[in-house]
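From first to last, the protein sequence lines stand for chains H and G.
Each residue of the first sequence is one higher than the last, beginning at 2 in the working numbering.
Each residue of the second sequence is one higher than the last, beginning at 12 in the working numbering.
It should be emphasised that the hints constitute simulated quantities derived from the structure, not laboratory data.
One or more hints might be untrue.
What the hints assert, rightly or not - Anything over 10 Å on all C-beta distances counts as not near chain G; from chain H, calculated:
(1) A32
(2) D58
(3) G328
(4) D380
(5) A400
Unchecked claim - Chain H regions said to be covered by chain G (calculated; three or more residues, Cβ under 8 Å):
(6) 6 to 13
(7) 18 to 28
Cβ atoms here follow ideal geometry from the backbone N, Cα and C, with glycine treated the same way.
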Amino acid sequence: MSGLPPPERVEGFGLYNVSVSPVFRPGSLDALRVALATCAANGSKPVFRGAGRSYGDAATNPAGPVVEMTGLNAIAGFDEASGIVRAGAGLTLGELWKWSVPRGFWPPVVTGTMHVTLGGAVAMNVHGKNGWKNGTIGDHVESVSILRDGGRLEEIARGTPAFEDVVGNWRLSDPIVEVSLKLKKVATGYLDVEAFVAPNLAATLAEVDGAKEDWDYVVGWMDCWARGAGLGRSVLHVANEHPAKEGEPLGLSVEEQIADIRIGPMPAPVLLLGLRLAAAGPQMRFVNLGKYAASRLRGRTRTRQSLVAYSFLLDTLPGWNEVYRPGGFIQYQLFVPREAAESAFEKALGLQHELGVVSSLAVVKRHRADRFSRGYAADGFSLALDFPVTGRNASRLIALARALDALLFSCGGHAYRAKDCVGSVERLAAARGAA
Amino acid sequence: MKRVILVGATDGLGKALAEVYAARGFWVTILGRSKEKLDALVSDLRGRFPVATVNGVVCDLADAERLEPAFREALAVTGHCDLFLYSAGVMHHGDGVTSVPALDAETMEVNAVAAMRLLGLAANWFRVAGRGQIAGISSIAGDRGRKGNPAYNASKAALSTFLEGLRNRLAPFGVTVSTVKPGFVATRMTAGKPGLFWVTPAGEAARIIADRLEKGHEVFYVTRRWAVLGFVMRHVPRFLFKRLGPP
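If we strip away everything but chain G, and leave its shape as in the complex, we get:
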């Protein structure tokens, strides 16, 4: 009976999440940039899960003017919202040592700025509604700044901190805010990336995320063993972190 609005669910983990929620028969409204991809996904999900109510709303996250109308449109087709889940994200694989400012800025734009715009709208809605859940797919990458992709780390750190702030702001209003920190998930984002380990299939990661969100967990890694690594990462002292230099 949940009504879920998913941002950035035409691909990767978001798409897998859309499938999980559609399989449960819920209302699933997907915000995505590409109309073709969106239409294909919506009709695929409708066909496979006739019990669910699946809708798509075209929304380019880079178009700031479009975000509020898209959010209203999503609410209109969903009826109300029990879970607003931001799962849009980009990662640019550089050579690991050279910054490309334009790409860094875009990373920040999608992963953090657009997230803040939409999550902020959602937060205002949920505060008045007085119930429900907001969640963002952040990353273990947001725990520390690493040498390999500082912009990605920064964008996810911003998202995690923003969500933490919303959590504290909305707690008195009965709204749960969750920060999801996946490790490596097998999606297009990680495909072909060297040095992967503990890779979780997207479908399994989505199922775990949906279950833990359902239980109201506020901050969690996917899968659980990444929580161990996350703990170590967060607590390794700076001088050691610099010397070890994880990618």
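Chain H with its partners taken away, still in its complex shape:
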């Protein structure tokens, strides 16, 4: 093994999946070429890693090297008229918005964390809270540049068969090195956010579905602990662009965007400590109950929030995933067609109680049918479930995950590679291949 860096611990965002891999961190195209040549000389196939925000094992390599792409993050060009920005695949959404917001532009699709790279976002074809209106990021990519084996750069434009092969293709053996993304023009950096509750699953799905045409962003926080009449109750946050008004700040500066991020009266270290104590235990029942009850008491509220504060809720409390050490946590996200959603989610909630592992945090979203052949989103809903992994719940948790696999199989749903921690994507593909 010559030229490989010393192996190091590489983690998925959920901290449950790890690998021990030599990691290359190229800072230039030439360095990337050298890294790929070294891998080839050692007969090993690298895995390309962005910022490591995939929850599971997507950006780890159990038996080989990892190439971390975050060094290739230069912004190569911008056309103000069309809003198309061209940037290195290692550029994160966080770096991108800090650059684009002062220019009046915002990424058309953003994930719940700003720390994902453009390359990773394309390879996973990520979605956001505006999944119904704006689809997945692939819908807004104009072209990508790929470093083919041998070191040749290939530009792949939207509308070609090669483009179809790239979007959502996390198995791609050649790295994406540049992405051209069409940003959207925003009048202000603010959103008008409405928060309200839905008392049960049917109401949650009806509200999420009903809001999809009138609101750009729609997301529900489901309390999985509630049972009986309250099964599937949620707090919903819907948002539209805040129009520019005379005499109001536009919010198009990094400072204004960040100023809107609020975590309440508790300082972050105290919150993290509280979360560490509660995260793996049944106390999460009360956290979920509190969130729902507080929102219900407040009634329907309307607030103005910065794009960053609304979009990147996962970044509000940096390092929150660390509270799940040592076992880590997994996320299981079910993508289910619209007509099957109510019964499938009811089963998914029932299974959690039956097996005694209840999600500490659950998010429901509405999606339009993915037009890419490697798509995972149907015209329907998704439910993302977070579960801490402990020695005590391990056996029940894997039983739950397999039961959810079977549920997805039977209702024509999909699992999602960026969230998959337990091999569900492969299992579903194998089951569908065999069926």
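Got chain H sorted already, so can you dock chain G onto it with the hints?
Okay, now just chain G, sitting in the frame of chain H:
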């Protein structure tokens, strides 16, 4: 959710352990020499425990060149590893008084040398991973050298001491290393052997081992009453041990 790599699990106690982990729905990757036995076991476990993810990797422990590739292959199919468990072992029943050097050497080769090679690879992996557990099925037989099977005693003593060294080496990195010392377990290894007592069925022994490993126990006998015998064995003075001459 555990991901377990088992070495020597196509037979005996290892096989019983594979069943216990598969029954818990875990990832179980088995290294075994015989492809036929391995395939049969893997498909049997997959059929009985569909929740589990069971894979086999063919690996002849006598083939030193094969060990590292087999270890990598096992990691690749398992994703990562939470528990690396070495349970391969051979015991040659002689007449109790005659040494057969070739068989003695083979005993040492499988029980100790191959164990060190594989456990060493695992230890390097776990040190960097910074978590997880390594375990070896040693034996109460490793506590003292007895007249009946000195080579077996020596091989298990080597394994126990090697594991102790790894335990001390890896402790600062958050890795647990466990030494399991079973007494008599009802497997092919002990079948037909005279003078057996306190024999534990393989399935029960495996369940006990899995539970105690889960709790992070570092050195333990199976079953507990063997711990009493182990204590006595370790502390009987040499002159007395020689005169009593346990087989």
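Hints and how they fare:
Non-interface call for A32 (chain H) relative to chain G: holds, since the shortest CB-CB distance, roughly 23 Å, exceeds 10 Å. Its closest Cβ contact with chain G, about 6 Å, brings D58 (chain H) to no more than 10 Å, contrary to its assignment away from the interface. A beta-carbon of chain G is positioned within 10 Å of the beta-carbon of G328 (chain H); the least distance is around 8 Å. With a least CB separation of 31 Å from chain G, D380 (chain H) remains clear of the 10 Å interface cut-off, as annotated.
Residue-level check failed: A400 (chain H) sits 5 Å from the nearest beta carbon of chain G, not beyond 10 Å. Here's how the region 6 to 13 of chain H fares: 3 of its residues keep a CB closer than 8 Å to some CB of chain G, so the rule of at least three is met and the hint holds. Evaluation of the coverage hint for the region 18 to 28 of chain H: fulfilled, as 4 residues show C-beta separations to chain G shorter than 8 Å, against a requirement of three.
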